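Turn these sequences into a full structure, and let the hints guide you.
Spelled out, the chains give:
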Amino acid sequence: MIVKRRVAIIAALSIAAMTALIVWKPTVLIYGLQAAGLYAAVAIPMGLVLGIVHIVNLAHGECMMLAAYAAYFGCKALGMDPLVAILPTAIVTAIFGWVVFQLTIRRALKAPELNQLILTFGLAIAFSQAINLIFTSQTYKMPLEYVSASMDIGDISFGVWSFVFVAVAIIFAYGLTFFLTKTMTGKAAVAVGQNPRGAAIVGIDVYRTYGLVFALALALVGAMGALFLTKSAIFPGVGSPFTMKSFCLIAMAGIGNIPGILGASVLLGVAENFLRAFRPTRDWAEIVFFVLIIVVILARSLKGRKS
Amino acid sequence: MLRIQNLDCGYGRMKVIDGVDFEVGAESVGLFGPNGAGKSTLIGAVMGMVKPWKGSIELDGQRIDGAETYAIARMGVALVPQERELFPGMSVYDNLVLGAAYIPHAKDDIPTQLEKVFTLFPILKERRTQCAGTMSGGQQRMLAIGRALMSKPRLLILDEPSLGLQPSIVAEVFEVLKRLKSSVSILVTEQNVRESLKAIDRGYVLENGRIVLKDSAEGLQTNPYVIKSYLGI
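These protein sequences, in sequence, are chains A and B. All residue numbers for the first sequence refer to this note's numbering, where the first residue is 1 and numbers rise by one. All residue numbers for the second sequence refer to this note's numbering, where the first residue is 308 and numbers rise by one.
Just so you know, these hints were derived from the structure itself, not from any lab. A quick note: this is a predicted structure, and the numbers were derived from the prediction, not measured. Hints are not guaranteed to be accurate.
Part of the chain B face toward chain A, derived, beta carbon under 10 Å [said to hold, decoys possible]: (1) G317; (2) G319; (3) K322; (4) G326; (5) I379; (6) V387; (7) L393; (8) F394; (9) P411; (10) K505.
Across the chosen pairs, the derived CB separations fall in these ranges [claimed, not checked]: (11) T181(A) <-> E482(B): 28 to 38 Å; (12) E145(A) <-> P411(B): 47 to 57 Å; (13) P411(B) <-> V99(A): 47 to 57 Å; (14) P411(B) <-> F178(A): 18 to 28 Å; (15) Y140(A) <-> M321(B): 53 to 63 Å.
No more than 27 Å apart at the CA atoms, straight line, and that leaves these computed lysine-lysine pairs for DSS-like [said to hold, decoys possible]: (16) K303(A) <-> K4(A); (17) K488(B) <-> K182(A); (18) K182(A) <-> K358(B); (19) K182(A) <-> K414(B); (20) K322(B) <-> K110(A); (21) K488(B) <-> K432(B); (22) K358(B) <-> K505(B); (23) K414(B) <-> K110(A); (24) K423(B) <-> K488(B); (25) K505(B) <-> K423(B); (26) K423(B) <-> K110(A).
Glycine included, each C-beta is placed from N, C-alpha and C at the ideal position.
So this is what it looks like as structure tokens:
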């Protein structure tokens, strides 16, 4: 009852804040939602890995960066549009994810959490430095006409392409929820996440399931890498902010809470764009997720102390 | 069925099981002993959770020592662990279905097996949509047994099934074991020797990692050592 009341209060406050924003600064809401879509679409696969494999993959953003580079050079070589490259990139990164899991992460699953963090942090550095060595720190961008499409509502004009990330985030969230709750493989993955020992007892190959989940997460990140290419220039360090922001969103939503990641992304995206609206020359927006993560951790600590 | 020969195993450098010979045929077998005797370690070794140092474990003549837990489960060995090891955030129904979904000889008979489990434990049918983690300890134990039975096991292993349960539930659990013993081989470890002896055909007594006594249920019931040490008479 108390939880329902709290949810109702949060929903009412959110609707009130959104309404105020639409009237006062509509572009904050529009660009905030677009950014939220991008953040959520990148964070959801990380949440999947954290919820089932129980690993914080600090190379998550770098995996998206690798996928973006693969998509860029694939598109250049074959004369493809990045949208056509989404599926092949997803397949390639899934295979890459499986190999990375079997060669590295699998061996650290029984190690202390600090070792796992160091391992994935090392992978992140290795991936970004390898790209830096091969392709230098030069930026690459695909010239695409359709991404500059815009829309006018009254006297406001805004780009519409980034709404594709909102659609992708919703597809990822609903698709994964369907997979995890309605398919036997998905249920087995949830079972492994909840109790790996219990899962082995009923005949589920726990490490194979971990590998599949990791590969699936990287497939989604790979798809996002190709799609990211349509919006932004890529360079070796382009992925690392997404690792931190994804982790921040998962911490805000709670592990395994996919709809929560969508909500947290809206909060982060709108808050960042709200700051940008008032401080356009200095990018203060980048500190928003630090503030949010500190607030969330403090709130959780106080709640834990009370209970 | 299950044959263990000259088995040594333990944790780190500490030997827990020392030269154990043990057999379970088409029957119901009890494994008794005080806390720390090595009962759960022996079961862990059978299920591939504890790696043997020496000796062999065979299931129907096939070596299973060193095999992974999931592979042993797929061969037809079902375990009801002391800690139950359910999937607490999933429904009773999903817990039961997952008990059979990855077992090659059981995955096509899920509806039939569900009906059998619901007949044995009607409470599970009533609560099929409830989250396993929100059930009482006794109901969770029934769910763990039901989940194991879903796999149509050749050998059902129960590790301390009465631990922490109220007497009425303990009686219900042992009643179910009596009903099951005609259809499946059973290995049960227990500290509640009195109740167990009514449900088994043969028993072993394990102390300090060694088998110190083996006999039929009747033989154990009248054995002066068992009477003094385990029946408290």
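- Which numbered hints does this structure break? Per hint list: 1, 2, 3, 4, 10, 13, 17, 18, 22, 23, 26 violated.
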